[in-house]
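Residue numbers (the working numbering), protein chains in the order written: chain A, 1 to 282; chain B, 1 to 809.
By construction, these hints were calculated from the structure, which means they are not laboratory data. Worth double-checking, as some hints may not be accurate.
Interface residues of chain A toward chain B, partial, derived using beta-carbon atoms under 8 Å [stated by the list, open to error]:
#1 13
#2 26
#3 64
#4 65
#5 99
#6 251
#7 254
#8 262
#9 267
Every residue, glycine too, gets a C-beta built ideally from N, C-alpha and C.
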Amino acid sequence: MKPAPFSWHGPASVAEAVSLLAEVGHEGKVLAGGQSLVPVLAMRLASPAHLVDINKIADLAYVRTDADGVTVGALARHRDVERDVAAGAAQPLLAQALVNVAHPTIRNRGTTVGSLAHADPSGEMTCVLALTGGSVTAVSVRGERTIPAAEFFLGPLESALAPDELAISAYFPRAAPFSGSAFVELSRRHGDYALCGVGTVVTLDPDGAVVSVRCGYLSVSDTPLVLDLTQAWAAGPEEAAEVARAAVDPADDIHATAGYRRHLAGVLTGRSIERALARART
Amino acid sequence: MATRYFGTSMRRTEDLRLTTGNGRYLDDIGQDAVAALECAFVRSPHAHARITDIDVTDALEVPGVIAIYTYEDLEGPAAEPLPVLIPHPALHAPRTGYPLANEMVNHVGEAIVMVVARNRYLAEDAVERIRVSYEVLPPVVGIPASRAAVHAVHADVPDNVAAHLIQTVGDIDGQMASSPHVLEIDLEIERSCSMPLEGKGVYARWDADDRSLRVYSSTQTATSVRAAIAAKLQLPLGKVEVIAPDVGGGFGVKIMHPWPEEIMIPFAAMKLGVPIKWVEDRREHFISSAHERGQSQHVKVGFDDEGRLLALDVVFWHDNGAYTPYGIICPIVTSTQLLGPYKPRSYRVEFFSIYTNTVIVTPYRGAGRPQGVFAMERTLDRIADHLGLDRTVVRANNFIQPDEFPYDHGLIFQDGRPLIYDSGDYPTQLGMLKEMIGWEDFPARQAAAAAEGRLLGIGLACYVEGTGPGPYEGAHVQVQTDGMVDVAIGLTSQGQGHQTVFAQIVADELGVPFDRVRVVTGDTRRFGYAVGTFASRAAVMSGSAVALAARAAKAKALRVAGEILEVSAEDLQLVDGVVSVKGSPSHAIDLGQVAVLSNPLRYAFDDAAKAATQFAKPADPDKPPVAPGEEPGLEGRDYYSPPRSTFASGMHAAIVEIDAGTSDIKILEYKVMHDCGNLINPMIVQGQVHGGVAQGVGGALYETMAYDENGQLLNASFMDFLMPYVTEVPQMELGHLQTPSPLNPLGIKGAGEAGVIPVPAVLASAIENAMGFRISAMPVNPNLLFALRQAHEAGEIPATATNEKVDRT
């Protein structure tokens, strides 16, 4: 479990990083927190010839909150986002989801943008980006572009980032007024990948009537799945669960059957919506 | 015995060192000026194949590669099959592998080529460039495939049966025929493994001038690894020394020996004349160490209206993996320890130990007991259910009673000795456990929870554990001239606290302060005869041995001091490191001075020696300075060899809650009653039990070895092999009962494995109680429980009929 030989690069600026990425192309891989990449290297499941380590680019380590929402720099650790009071107030789903990301030691090192770039459909933050309708901003020598969540996740472990692009930040819109959110998942052990997880955003009108119910799912589809369950929920919790069960497309693996994950999608949909509703009403 | 430290929760001497990064584990060795070379292995990617070609040409070009070895490079005994450590007449078709595969590979992970390089990175680069060609053969994976024997693991064992053993006590057929009730039960228990935090590891250094070999191995038995290396590499025993440094956990996998690497690393060190090190990585540990537990069981039981066992007939199939280097200890333990605290009127047990193309199976903490307890306790629960009796009543009706010890089951145990329980009090233990868990009140609690839509269940299980098997352990106690006491035992430590507990015993027995006692374990330079740390035997065996050796040293101290003080030894006492005349404390001599005087060669190296000379009497010119029968120095050496094992016992109970929606399983309460005789250090015993229960929870709810049909282990990493974290291990409460063992000088029984043994049975019982349908396979997890619920709803799994409060009379 030792990685194959690679060249390490430690650029001090975004400009330097993207020029390196342009040079090495498909042979390169960006290293941020390394919580997914390093084990993959150690098991020689991937052997990139070049690692572009962005840990020296200090000005990517930020969490900024403004009237629109929360912008997370590429070097912000999960733990920075989880503990950022302003970010938590603007978009509570961030912290609600982040406590489910592995363990504190991993969150201390792993980055939120890195987990988005990894595009794991079991990743909590991929689900949050999709559910909140956020985006990722990428830079290359060719310029900068912002990719909406709906276009960012192309498949399991496959994002829209080109090999020469560096994801420099992610943007999560501010939660709407009269809204509430929740994140519920079931994992085998505390901190494990979810067998199924459901994030929910519920929006009420000023009179407290439900205007919108939207749920995001992890570990039950190839890319983050977002469902509008407003009508289904209006028909009752069992209908919402049924819609969820019908919409998800889980696979069997050694930890759970597809049938069980589908069942969980239904159960957790109800629990997640109930919790989000309770929050919206307080 | 006069006690001062025995029975006290002394803080562990080793912990400051181990918890501040000052431990010295295998990988810490060989980092000095002459850095050791490192190695990596080409391991079989196939579960079953014939090797047709090995091409190392490309690998030799990797910079930093020093040597590459295959089977062809082995010679003499090293080229022969690895030993069958514990042969048994019933093991009619034993098979073992080679240090490097000889034509055939029989499981994924089997070592084929060894690469020695400047470091592990380069060695792995070279491994990637070695081309091995295979003729892939059909793999045999899982117990059903092995039993079906469409394909054979070893061509010359066509039925895949390595061993077949039947033991019978009493008139099983007659009793079965006349039993008022008869049930048949099929049970399954899955594989798990020891999974120590530190994997295996070997470092070897060859001294070409001295023609001697020093080996460090992360092992549970330094003395036996030494003997194996000497035999395989054809070295005189005196030229091989093996040291177990700090060992980061063993749990059984490191009592297996010699591992291929324990031969190959010394072999390469001798060939190359440079220190060589191999530290197992986690993937290697998963696919090339050992697993345990996998069994299929069939129970046929006859019983009376009170649930008394009249005829217990058990057949089980034990998956021993690809080879049988450790013999059939595990299934023998299952077949004998299955009986627990109960006394069936007749018993017949038959097992088949069978080959599969998977990692070998050798003892893992519990070593066959969890499976046996699972079979027995599931059976008792079924009987209770069938009769509508309280589960604890059925157990109590079958207990061996306190006045029946010693109790002879009429079977042969793992140590080849009769299965005779020495002491215990099972009814009292059960009463204490019921009190702790609130057994009588639970039905009301369960009903109240059910009214809120919550599923609660309670379960329990009992076990008896044969501990401290022989044949022997020894100890050497030496009082130094400064009054410090050095204790050496050959048995190893894997973090159990041996430095602490053996010092407690010696301090008491000798009469010195605890902090004057230094304990060395598992170093063949210091003590050459030992068996090893396994089978919950260290405290019983080495504890007794250090007590006896300390007594011998004390006797000599009093004899020498008596001559100096001119009183008879019986009039002397040894307290706090000072020998004094009873009733006349001013007539005293420090133990260190006694040590000086015990050696007639008395250069005054230090103050103790100078002071001691004042006691030196004029030598009798007609007597030799060392009298016949005496030895210079103040030492004691003795061995403890028991007639048979001593039997500890325990009973666990748990309350679980099942999430009605997700089938998630949560342990709400976990209670442990435990009887290991006299406690040397209650805190350490508690820690042992806690750790055991944690591993038991792993085996019951989390851990599996996910082999696919091709024999690939799909969860060979800590990401997918789910050992419980602290968040999954319940708070537990422990109660102790102490029925001392009459077999050893300290009245102790083993405690190392205890905690793990009944956990799958306890949790199966509790989950069944919560769900109201039968649980007959472990582990259970939410995914499986969901499937079981569906099967139950479809009428495929019967409901349990009753609960504790049903009275059918």
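Results of checking the hints against the structure:
1. 13: This interface hint is violated because 30 Å lies over the 8 Å limit.
2. 26: violated (20 Å)
3. 64: violated (33 Å)
4. 65: This interface hint is violated because 31 Å lies over the 8 Å limit.
5. 99: Hint on residue 99 of chain A: violated, closest Cβ of chain B at ~13 Å, above 8 Å.
6. 251: violated (13 Å)
7. 254: holds (4 Å)
8. 262: Since chain B brings no Cβ nearer than about 11 Å to residue 262 of chain A, farther than 8 Å, the hint is violated.
9. 267: holds (4 Å)
Checked against the numbered hints listed earlier, the structure breaks hints 1, 2, 3, 4, 5, 6 and 8; every other hint is satisfied.
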